[in-house]
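Participant: Each chain, written out:
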Amino acid sequence: MNKTMPTEISLEALVAGDRAEFARLVDAYSSPIYRLGLRMLGDPQDAEDVLQNTFLSVLTHISEFEGRSSLATWLYRIAANEALMLLRRKKPEVNLDDVEAADEAEDLLPTQFVDWSALPEDELLSGEGQRILDGAIATLPESMRLVFLLRDVEGLSIRETAEALNLTETNVKTRLLRARLFLRERLSTYYGGHMSHEE
Amino acid sequence: MTEHAHTDCEKMLGFLSEYIDGGLNPELCQEIEKHLAGCENCRVVLNTTKRTIDLVHAPVEKPDLPEDVRARLFKRLNLDDYLKPK
Numbered sequence: 001m002n003k004t005m006p007t008e009i010s011l012e013a014l015v016a017g018d019r020a021e022f023a024r025l026v027d028a029y030s031s032p033i034y035r036l037g038l039r040m041l042g043d044p045q046d047a048e049d050v051l052q053n054t055f056l057s058v059l060t061h062i063s064e065f066e067g068r069s070s071l072a073t074w075l076y077r078i079a080a081n082e083a084l085m086l087l088r089r090k091k092p093e094v095n096l097d098d099v100e101a102a103d104e105a106e107d108l109l110p111t112q113f114v115d116w117s118a119l120p121e122d123e124l125l126s127g128e129g130q131r132i133l134d135g136a137i138a139t140l141p142e143s144m145r146l147v148f149l150l151r152d153v154e155g156l157s158i159r160e161t162a163e164a165l166n167l168t169e170t171n172v173k174t175r176l177l178r179a180r181l182f183l184r185e186r187l188s189t190y191y192g193g194h195m196s197h198e199e
Numbered sequence: 200m201t202e203h204a205h206t207d208c209e210k211m212l213g214f215l216s217e218y219i220d221g222g223l224n225p226e227l228c229q230e231i232e233k234h235l236a237g238c239e240n241c242r243v244v245l246n247t248t249k250r251t252i253d254l255v256h257a258p259v260e261k262p263d264l265p266e267d268v269r270a271r272l273f274k275r276l277n278l279d280d281y282l283k284p285k
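Chains as they are written, first to last, in my numbering: chain L, 1 to 199; chain S, 200 to 285.
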């Protein structure tokens, strides 16, 4: 389903309580789940809590998994819920449904029109470039960030992202578009300024 | 954005993600490409949005799980016996 998780895991073995298979599941999925937690909470300890709670929950509920979605999508669904629960506890002021209200606004329209897309890869992926990108992702509103992380960072399809987050596909597409435009605008502000300094 | 109808740019923007992901029907793609041919600002938005997504996909974006975090996870799950170096 995506390039980071090629491992085939036997659901039958997991349900039967095969610990070696569960260890394989943990190794196959722990990196992306930890990354998701880190990007959502911004703190390594919180990311570790999300990771541990996700797999504890999987261990408890694996026998209830009905296979309506893929195992990976189910895992992401648990991880996303764990991240959101921790986020609500840590930052009760965050409105996770803010995107609907924001949809009413006109702030989707781009304001930066410098074409920096032909800049060399090594320049775009330099330490500074990476820092700007990471910073921009960190400032995405949470409800958009989660969609963006599952779809564009971890490579889930639109349908899988919708299943994992219990959203409609239309809702996922809207949030994804807004997230991508938000990041583009941030990078354009940075690289636009960068290019004009070099002229 | 330019001297042509602003509503065309907004329409193109609404389909931008799906156009990049290849999820639109050929008729709509053709309509978008016709608009892009005459609208420099929309071409810039398309190019830089594509590039933004490329940068997110770059391999440097995916650090592995720290080994100490992995060790604590295996311990918490009572999987210590299966903790082999990756």
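Since the hints were made in silico from the structure, they are not lab data.
Hints are not guaranteed to be accurate.
[Said to hold, decoys possible] What follows is a set of in silico ranges between Cβ atoms, one per label pair, in the way DEER data are often shown:
| no. | chain 1 | residue 1 | chain 2 | residue 2 | range |
| --- | --- | --- | --- | --- | --- |
| 1 | L | 118 | S | 275 | 25 to 33 Å |
| 2 | S | 239 | L | 65 | 47 to 55 Å |
| 3 | L | 18 | S | 235 | 49 to 57 Å |
| 4 | S | 242 | L | 94 | 33 to 41 Å |
[Stated by the list, open to error] Subject to a maximum C-alpha distance of 25 Å in a straight line, what follows is the list of computed DMTMM-like cross-link-like pairs (lysine to aspartate or glutamate):
| no. | chain 1 | residue 1 | chain 2 | residue 2 |
| --- | --- | --- | --- | --- |
| 5 | S | 283 | L | 134 |
| 6 | S | 210 | L | 12 |
| 7 | S | 283 | S | 267 |
| 8 | S | 283 | S | 263 |
| 9 | S | 249 | L | 18 |
It should be emphasised that the depicted structure is a prediction, and the values quoted were computed from it without experimental measurement.
In this text, a Cβ means the ideal position worked out from N, Cα and C, and glycines have one as well.
Participant: Now tell me if each hint is right for this structure.
Facilitator: Okay, the hints, checked on the actual structure:
| no. | hint | verdict |
| --- | --- | --- |
| 1 | 118(L) - 275(S): 25 to 33 Å | violated, 48 Å |
| 2 | 239(S) - 65(L): 47 to 55 Å | holds, 51 Å |
| 3 | 18(L) - 235(S): 49 to 57 Å | holds, 53 Å |
| 4 | 242(S) - 94(L): 33 to 41 Å | holds, 36 Å |
| 5 | 283(S) - 134(L) | violated, 31 Å |
| 6 | 210(S) - 12(L) | violated, 48 Å |
| 7 | 283(S) - 267(S) | holds, 13 Å |
| 8 | 283(S) - 263(S) | holds, 15 Å |
| 9 | 249(S) - 18(L) | violated, 43 Å |
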